[in-house]
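Chemist: Protein chains in written order, with UniProt numbering: chain A, 1 to 181; chain B, 1 to 181.
Derived from the structure by calculation, the hints contain no laboratory data. Be aware that a few hints might be false.
Said to hold, decoys possible - Below, a list of computed lysine to any residue pairs in the SDA-like style, where the Cα atoms sit at most 25 Å apart:
no.	chain 1	residue 1	chain 2	residue 2
1	A	Lys175	B	Leu169
2	A	Lys173	B	Asp129
3	A	Lys173	B	Pro81
4	A	Lys132	A	Asn113
5	A	Lys175	B	Ala176
6	A	Lys51	B	Glu72
7	B	Lys132	A	Phe92
8	A	Lys36	A	His10
9	B	Lys132	B	Lys173
10	B	Lys51	B	Pro81
11	A	Lys41	A	Lys51
12	B	Lys173	A	Leu177
13	B	Lys51	A	Glu18
14	A	Lys118	B	Lys173
15	A	Lys132	B	Leu169
16	B	Lys173	A	Glu124
17	B	Lys51	B	Ala75
18	B	Lys132	B	Gly67
19	A	Lys118	A	Leu177
20	A	Lys118	A	Asp168
21	B	Lys173	B	Arg125
22	B	Lys78	B	Leu127
23	B	Lys173	B	Asp31
24	A	Lys173	B	Ile93
Number of protein chains: 2
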Amino acid sequence: MASGKSGTRHRILEAAAEIARDAGPGNLSLDAVAAKAGVSKGGLLYHFPSKASLMEGVVEMFVETFGETLAERAAPRKDEPNSLAETYLDLFIEDHDCRKPPPSGLLAALAENPEFLKPAGRFERDLLDRMKLNASDPAMALLVFLAVQGVRSASLLNLDILTDEEVDLLVAKLKALLAGS
Amino acid sequence: MASGKSGTRHRILEAAAEIARDAGPGNLSLDAVAAKAGVSKGGLLYHFPSKASLMEGVVEMFVETFGETLAERAAPRKDEPNSLAETYLDLFIEDHDCRKPPPSGLLAALAENPEFLKPAGRFERDLLDRMKLNASDPAMALLVFLAVQGVRSASLLNLDILTDEEVDLLVAKLKALLAGS
DNA sequence: TCTACTGTACCGTCTGGACGGTATTGTCAA
DNA sequence: TTGACAATACCGTCCAGACGGTACAGTAGA
Numbered sequence: 001m002a003s004g005k006s007g008t009r010h011r012i013l014e015a016a017a018e019i020a021r022d023a024g025p026g027n028l029s030l031d032a033v034a035a036k037a038g039v040s041k042g043g044l045l046y047h048f049p050s051k052a053s054l055m056e057g058v059v060e061m062f063v064e065t066f067g068e069t070l071a072e073r074a075a076p077r078k079d080e081p082n083s084l085a086e087t088y089l090d091l092f093i094e095d096h097d098c099r100k101p102p103p104s105g106l107l108a109a110l111a112e113n114p115e116f117l118k119p120a121g122r123f124e125r126d127l128l129d130r131m132k133l134n135a136s137d138p139a140m141a142l143l144v145f146l147a148v149q150g151v152r153s154a155s156l157l158n159l160d161i162l163t164d165e166e167v168d169l170l171v172a173k174l175k176a177l178l179a180g181s
Numbered sequence: 001m002a003s004g005k006s007g008t009r010h011r012i013l014e015a016a017a018e019i020a021r022d023a024g025p026g027n028l029s030l031d032a033v034a035a036k037a038g039v040s041k042g043g044l045l046y047h048f049p050s051k052a053s054l055m056e057g058v059v060e061m062f063v064e065t066f067g068e069t070l071a072e073r074a075a076p077r078k079d080e081p082n083s084l085a086e087t088y089l090d091l092f093i094e095d096h097d098c099r100k101p102p103p104s105g106l107l108a109a110l111a112e113n114p115e116f117l118k119p120a121g122r123f124e125r126d127l128l129d130r131m132k133l134n135a136s137d138p139a140m141a142l143l144v145f146l147a148v149q150g151v152r153s154a155s156l157l158n159l160d161i162l163t164d165e166e167v168d169l170l171v172a173k174l175k176a177l178l179a180g181s
């Protein structure tokens with residue numbers, strides 16, 4: 001229950017994401033994850049007693065890390081209108097700029113069983129609700145949320161459709177629209 | 001049964017998409033597809049000599065059907081500014097309204113091997129280029145493209161995040177912005 | 001001594017795919 | 001008109017191998 005990170009646990013999760021990205025989310029096997037993480041299979045099963053619990057861990061990691069950084073960043077301006085949408089945009093640009101790998105583990109979880117993604121879905125839904133409440137125009141919050149979702153889905157699916165210039169253009173346009181709403 | 005040449009083939013592709021949606025893209029097996037399509041495994045392998053070729057077929061179907069309908073619809077207004085983006089939006093609403101199932105087969109292809117999605121990526125990239133050229137404001141074309149992508153990714157991932165009202169709100173906002181650009 | 005592993009051996013299930021067989025229809029020279 | 005052959009569209013079976021998971025004995029460090 002305690003989310004005390006044991007180092008190895010985190011390495012296993014990262015390895016799972018990496019394999020999902022390179023070999024396809026359907027080819028994620030316990031053996032491969034253990035090898036990539038530099039852990040024996042027994043060791044892997046010590047931390048995650050089943051493949052299902054590995055997938056739960058993957059989704060949990062995504063929700064926690066993203067949720068926490070966003071909450072931290074948004075806190076100081078939380079009463080200012082549109083601040084959540086703007087922070088969301090900022091965080092998105094940063095992740096994009098430092099070429100953070102997409103959370104491919106989510107796809108692996110989906111590949112295993114669509115149900116595993118539900119906590120992530122609840123998290124996103126909750127985030128969208130808060131963005132709408134904080135926005136001067138709820139439609140703009142929707143737009144920001146979905147446009148970012150669009151870019152992220154493309155990179156999640158390994159379709160590098162957009163150039164860096166296009167991402168910059170998109171963000172500039174969204175910020176201008178937010179400011180003018 | 002003297003079925004047309006493409007009848008069985010098409011049924012197999014649909015069955016594959018359905019299984020990918022219900023059981024998860026990683027659990028798509030030839031046996032399951034054959035059973036769902038009402039075809040023996042040997043029969044399946046007659047049409048698609050390997051699992052890889054099944055996945056190619058799935059991606060091909062997506063690109064062709066979507067590309068063709070969009071081209072047909074957009075043709076009559078092709079010199080009018082923003083017509084492509086607007087047609088794209090219209091097509092999106094229609095698909096959404098009649099609850100067309102998402103192209104889950106794409107995820108199955110991705111689960112098998114990330115390379116399989118590349119043709120789809122090229123198609124989307126090409127579409128985006130044409131939308132930008134046809135738009136009075138390229139940034140708006142980007143926005144429309146990505147917002148729609150965002151909604152579709154959510155339904156693709158089986159996260160039914162958005163309500164119908166939100167989708168309507170989004171489309172209305174995008175149309176208003178397009179008209180005013 | 002407990003925690004956090006490693007390493008090896010093993011089991012039942014499922015999977016892709018190869019293969020051989022079958023029924024129907026089409027083609028075409030004799 | 002017929003008989004020979006070929007192509008199409010499947011069916012049913014079989015198998016090597018990969019997979020998730022179990023079991024358990026061992027070990028280095030705190």
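Chemist: Work down the list of hints and note, for each, if the structure agrees.
Modeler: Cross-check of the supplied hints:
1. A:Lys175 / B:Leu169: holds (19 Å)
2. A:Lys173 / B:Asp129: holds (18 Å)
3. A:Lys173 / B:Pro81: Given pair A:Lys173, B:Pro81 holds - Cα atoms ~19 Å apart, limit 25 Å.
4. A:Lys132 / A:Asn113: It is violated: about 30 Å lies between the C-alpha atoms, which goes past 25 Å.
5. A:Lys175 / B:Ala176: Answer holds: A:Lys175 to B:Ala176 is near 17 Å, not above 25 Å.
6. A:Lys51 / B:Glu72: Measuring from Cα to Cα gives roughly 46 Å; hence the hint is violated.
7. B:Lys132 / A:Phe92: At roughly 23 Å apart (the allowed maximum being 25 Å), A:Phe92 and B:Lys132 satisfy the hint.
8. A:Lys36 / A:His10: The given pair, whose Cα atoms are some 12 Å apart, holds under the 25 Å limit.
9. B:Lys132 / B:Lys173: The hint holds at about 19 Å.
10. B:Lys51 / B:Pro81: violated (43 Å)
11. A:Lys41 / A:Lys51: holds (12 Å)
12. B:Lys173 / A:Leu177: It holds: about 11 Å lies between the C-alpha atoms, which stays within 25 Å.
13. B:Lys51 / A:Glu18: holds (24 Å)
14. A:Lys118 / B:Lys173: Cα-Cα ~28 Å, so violated.
15. A:Lys132 / B:Leu169: holds (12 Å)
16. B:Lys173 / A:Glu124: Holds, because 21 Å separates the two Cα atoms, which is no more than 25 Å.
17. B:Lys51 / B:Ala75: violated (36 Å)
18. B:Lys132 / B:Gly67: Status holds; Cα separation ~17 Å.
19. A:Lys118 / A:Leu177: violated (31 Å)
20. A:Lys118 / A:Asp168: violated (31 Å)
21. B:Lys173 / B:Arg125: holds (24 Å)
22. B:Lys78 / B:Leu127: Status holds; Cα separation ~13 Å.
23. B:Lys173 / B:Asp31: violated (46 Å)
24. A:Lys173 / B:Ile93: holds (24 Å)
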